[in-house]
Amino acid sequence: MRENIKLSRRGFIKATGAACTAVLMAGALPGFLKPVMAAEEQIDIKDALKKLFGDKKIETGHVDLDVPIIAENGAVVPVTVTSDLPMAAGDYVKNIYVFSEGNLNPFVAKVGLTSANGKAEIATRIKMRKTSNVRAVVETSKGNLYQNMKEVKVTVGGCGG
Amino acid sequence: MAEIGKIMIKVPGAIKKGDVIPVKAMVVHPMETGQRKDSKTQNLIPEHYINDVKVYYGSDMVTSMEWGIAVSTNPFITFYLKADKAAPLKMVFKDNKGASFEQTVQVNPQ
Amino acid sequence: MKKILVLFLLAAPLIISCTSSTTSQKKAEDEKGVKEYAMAVDVKKFEEDYAKVHGNELKKMAEDGNPGEFIVEDGRALFHKVDGSAGKSCASCHGENGAKNLKGISVSYPKYDANIKGVLTLPVQINMCRDKNMGVAKEKSWKYGKAEITAVELFVKSLSNGMPINVKIDGPASKFYEAGKKNFYGKLGEWNWNCAQCHVKYAGRYSRQEYLPPAPLLADHWPSFRLDWGKQAGMHTRTIQERFKGCIKNMRVSDDKIPDFETEYMRNLELYVMAQANGRLQQAPGFRR
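Protein chains in written order, with our numbering: chain A, 1 to 161; chain B, 1 to 110; chain C, 1 to 289.
Mixed in with the good hints, there may be bad ones.
[Stated by the list, open to error] Derived DEER-like restraints, expressed as beta-carbon distance ranges:
1) B:S39 x C:N192: 26 to 32 Å
2) B:S39 x C:A99: 39 to 45 Å
3) A:K51 x C:K201: 51 to 57 Å
4) C:K103 x A:K50: 56 to 62 Å
5) B:Q110 x A:P86: 25 to 31 Å
6) A:E41 x B:D38: 19 to 25 Å
7) C:Y206 x B:N43: 34 to 40 Å
8) C:G145 x A:T60: 50 to 56 Å
The set of hints was computed from the structure by calculation and includes no laboratory data. Beta carbons are placed, not taken as given, at the ideal position from N, Cα and C, and that holds for glycine.
Here chain A stands alone, though its shape is the one from the complex (with noise of 0.2 Å):
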């Protein structure tokens, strides 16, 4: 009897295993499911910044990024990132990127500026998976790329106030 149940129960798995397989090949798969089996794969930083800027140098200086060194809850975890090159009319600085390396997908957000921000400073509050980098990069009008990071240690507390 348990045999039975056992090689039905294998028969079963191995039946719906060649549907899913089948439902795979043809590219069939519902809409709904695809941002799950996105999800699943952790997306590397270095390919993330080579889609956005290719193979471009990122130089270190001129950005500024505050985080804390442990985060207090991880699913808030302040981000303010400055960088002190000009934001005059034809030469400021354009993006502000900021990613999370430790996440699926490490990018967080890009904050496109203006001159007429007058300061190139901004701040927010962004979720990270794990204990990673954080790191924020500087785009300016005339294309230059400036980069800094900083690890941020993110622990889940048992209690809270």
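Position chains B and C against the provided structure of chain A, taking the given hints into account.
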């Protein structure tokens, strides 16, 4: 009650013309990642997040943002603005389900 | 099987002797009143040490933008909304934005009230006002722990921000203060813990990935906004009694035995805990991890 899409924009009270002022904005939004399970049904909660933010000062668009799922729930953003004219500051938030929320505050430098 | 039986037989007298010793101990405690622990840390030093590890991250975030401010606005709207048979709103008696007579009121809550012969908390006061002065029917009374009453409580408290907490514990209140202390020191749950263990005896120690805050730091910021992992989409502030419930649950008390909102147990406990924060400046909504 504090429902989705409510926006709070804070600018300093007394501003002189030409000052670079901080603009702090908060918006009520769940910012669902699509990776979280409903504790009752065990189904994944679909992605629902603000992905596009635009800021207008008078008729000019001064700042535009693209957000991913990793911006925290009830997003908060600070940016700066050179207050060189008396004009409305409008922020427009759009989410991936097509909803749009906006709020305007007046910037009145002396 | 045999082994287990032998073990049990060996252990039985031990168990019996243990229980008998705790009951006699308890009796002695009852006669003498509660035996208080010595506070394990200097509160000021705790705050400094905490800042060394975590910086002023939470404080800065709260100043920049606390999502609890949306709830204050909800409370403000409800405060000005007419309800009940008298055709009044809270503002009818207390003035626009409570300007007439509400500034500095909330820091003295909870307090002894002769009419109910017990501790009057702010939510109970709000419902009493609605009942007596606004003519709101009993069945339309706001449910404790729910959004409406918490929003109005928060709005009223926000009017006294920056003022020192000043809860009276002498005179007729002293009896209830002692009762609250008894709750604070009363052992609960599977682990036989009490509030004082974490917040007095072992305050400042590192437990469950965080520092146990000493008792005087527990009460100056309610209702508070909480950054909660599990409730990412949740947009609400918590009251101090909701926090009590959470703590009691963490102490492994089964759900059906956790005291309900605004019961005598909760109100006395709130009086005791708020009194520990006397002199500290009220800041509502709080902002906690």
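Okay, the hints, checked on the actual structure:
no., hint, result
1, B:S39 x C:N192: 26 to 32 Å, "holds, 29 Å"
2, B:S39 x C:A99: 39 to 45 Å, "holds, 43 Å"
3, A:K51 x C:K201: 51 to 57 Å, "holds, 55 Å"
4, C:K103 x A:K50: 56 to 62 Å, "holds, 58 Å"
5, B:Q110 x A:P86: 25 to 31 Å, "holds, 27 Å"
6, A:E41 x B:D38: 19 to 25 Å, "holds, 23 Å"
7, C:Y206 x B:N43: 34 to 40 Å, "holds, 37 Å"
8, C:G145 x A:T60: 50 to 56 Å, "holds, 51 Å"
Checked against the numbered hints above, the structure violates none of them.
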